[in-house]
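Numbering-wise (our numbering), the sequence shown opens with residue 1 and increments by one.
The hints are simulated quantities; they were obtained by calculation from the structure and are not laboratory data. There may be inaccurate statements among the hints.
[Said to hold, decoys possible] Straight-line Cα separation of at most 30 angstroms, DSS-like style, residue types lysine-lysine; simulated pairs:
1) Lys167 / Lys128
2) Lys315 / Lys457
3) Lys514 / Lys431
4) Lys68 / Lys112
5) Lys112 / Lys189
6) Lys514 / Lys461
7) Lys431 / Lys468
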Amino acid sequence: MNNQSQQFSSSTVGTIGSVSSGISEKVDCLNHEANKTKDDRLHVLIQIFKELGIKLLDAPTRVLRSIKEANLEASEISPEFFMSFLKSYNATGMDTCQLGGLDCSIEETTFKTCSHLQLCISYCQQSKLFGQQLHGLPFCLTEDGILRRFKRDNPVFCTKYSTILTKSACLFLHHDLIDLFTITFDGLKQFDINAFAEFLPTTLSSEVFRTHNRPVARAIQLDSVPNIIWLSRVWDFIDHTVTQNVDKSVLDGSPDDTSNLDSVVEMLYPLMPWCLIPCTQSVQPFVEDTIEHVLFPVSKLRYTVDLSTYNGSIKKALKLLALPYLDQSFEVKKRFILTSMLVSDKDPCALINFLYEYKEEIRNRNITQDVCTDILEYFSEHIDRISENDNVEALLNKIIQIPLHVNVNGHNISLDSNARVLVLDDNVSEKIILDGVEKWANASGTILLKATRNLIKLYAKIGFTAEKLEAIDVYTNHLLLKFDCLPKENHQAHLVFIRDILLAKSSSFNTKQKILIAVLKTVSFVEENDGILFTASHFKDPCNELLKLMCDPNDFPGGPFSQIVWQEFLYTAGIQTQVTPKMVLQFARSIEEEAGRKGVTKEISKNLKIDKAYTFTNQH
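Sequences are here, hints too, so could you generate the full structure?
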């Protein structure tokens, strides 16, 4: 056991020693490489100095010391001397800078390459006066590869987003140099949204892409601007600029609190007319399942939906609605400006505003009941959050005006009229007769809404009746009260429903049925020969033989109501079934008049016997 321990310890020590030796060798190697790189850079820098015209003695320090001790004139090169020497590039004489050219390609100058220029800049930055001396130095290499001098009165943009203005490369410091400078130096300036908007027309045609409120078609080829790569870069720039300048309270705000974004909108104002939001939408005019790639103006940012944030039935419904949505190939995450301002699942109020913005497009599309129901149920599910918004009344009013409400006939409508709205659950709306109801609704100023159980909460919040209506209530309290608003050709279907379903023959009627009967007695639904409608009580019972004998044929209902199948219904509705003394008197007078004209015929004699018999019966 001890031998094994000793062997293990010996092996472990050997391994540790081997690893330690390896690490030491690698560190030495890295130090050597670093020193070699430093020496190489110094050698290159010295060569640049000489090519620029500096009379440089490349000698060890001890030689310089000997020269000074001999009181010979010699000076050590320094960043300050080099900067002063560079500014003599346009002077004449023996000891001036031989730059070889300016306002030309860097390859045509003594620097030759950007890496050489970087070496010189890094050397000069060792001076504390570098920032003050930058004006006039030929270090300004712009993105187009042209070497210029820094000018205090004509600064260039120092930004990593120069590629978004490909046609304005001369305005930007070269991307390899931006990390060497700070924006406070003379000859440099901030690239902000105002500057981007000012020079954007050089890259995008303002006649095509500056539309204010109209989308433009976008080619999906990768090599044409504006493509997705370019647009992503643009929105990276916008996001970076906004987050650098907006108040910290906005950035730290709740993700679903968009009330404090006014300052962000103000920053975006110069870009509002420009079409920079990549979207997809249905082909116009609307063609189902056919989309086109478009760009919407920045002013529509808060009216653009990011479908990727939604799930389930609401996502499916919104997709089928085929309104303009953010292009799904466009990355949104980690961009504050987009996650905070696009319409997304985090803010149901924003979705209300979006749908309200496109309410006319929704009205003109063939939308299924399921799509309407799924969207409204989403709002119903989030009604508590909607109610917390300071503008809750305005939001509810917008919901009313969006044509996503389904009437009992299955059509999507808005509720922005002064019509009375009745909310019917699925069970009731499926029971009642729908023939002519839509015309009745328009004429009577009433809307019969078809609603699922999940929508009751939403409609109650809006202020529509929350009472549970049954089919009999719809007829008693609404349809029969304005029966004249229902087209005549549809009367029969509804009366059959009342007869066979609501007032199905039984030994007795319940309270609701009795109320329905009372209303029915006031309704003019029986048509006379001249086409005028009267209540049932206006007519005599056609099944009463005595009445048929005594009364004029026009006193009886005609058409379908003369049939036996309507007898009980007409009784219930109040048709006259009794012979009155007045009828008997009139009948007697008509017999007397006829006898005076024709004499006593067999028919008259028969009628006299009937009249006497009825009179005798009623007297005793």
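How the hints compare with the structure:
Between lysine 167 and lysine 128 the CA atoms are separated by roughly 36 angstroms; this puts the pair beyond 30 angstroms, and the hint is violated. With a CA separation close to 21 angstroms, the supplied pair lysine 315 and lysine 457 stays within the 30 angstroms bound. This hinted pair checks out: lysine 514 and lysine 431 have alpha carbons roughly 20 angstroms apart, not beyond 30 angstroms. Taking the CA atoms of lysine 68 and lysine 112, the gap is about 35 angstroms. The hint is violated against a cut of 30 angstroms.
Under the criterion of a C-alpha separation no larger than 30 angstroms, the hint pairing lysine 112 with lysine 189 is consistent with the structure, at around 26 angstroms. The hinted pair formed by lysine 514 and lysine 461 fails the criterion: a straight-line CA distance of about 33 angstroms is larger than 30 angstroms. Taking the CA atoms of lysine 431 and lysine 468, the gap is about 14 angstroms. The hint holds against a cut of 30 angstroms.
Of the numbered hints listed earlier, those contradicted by the structure are 1, 4, 6.
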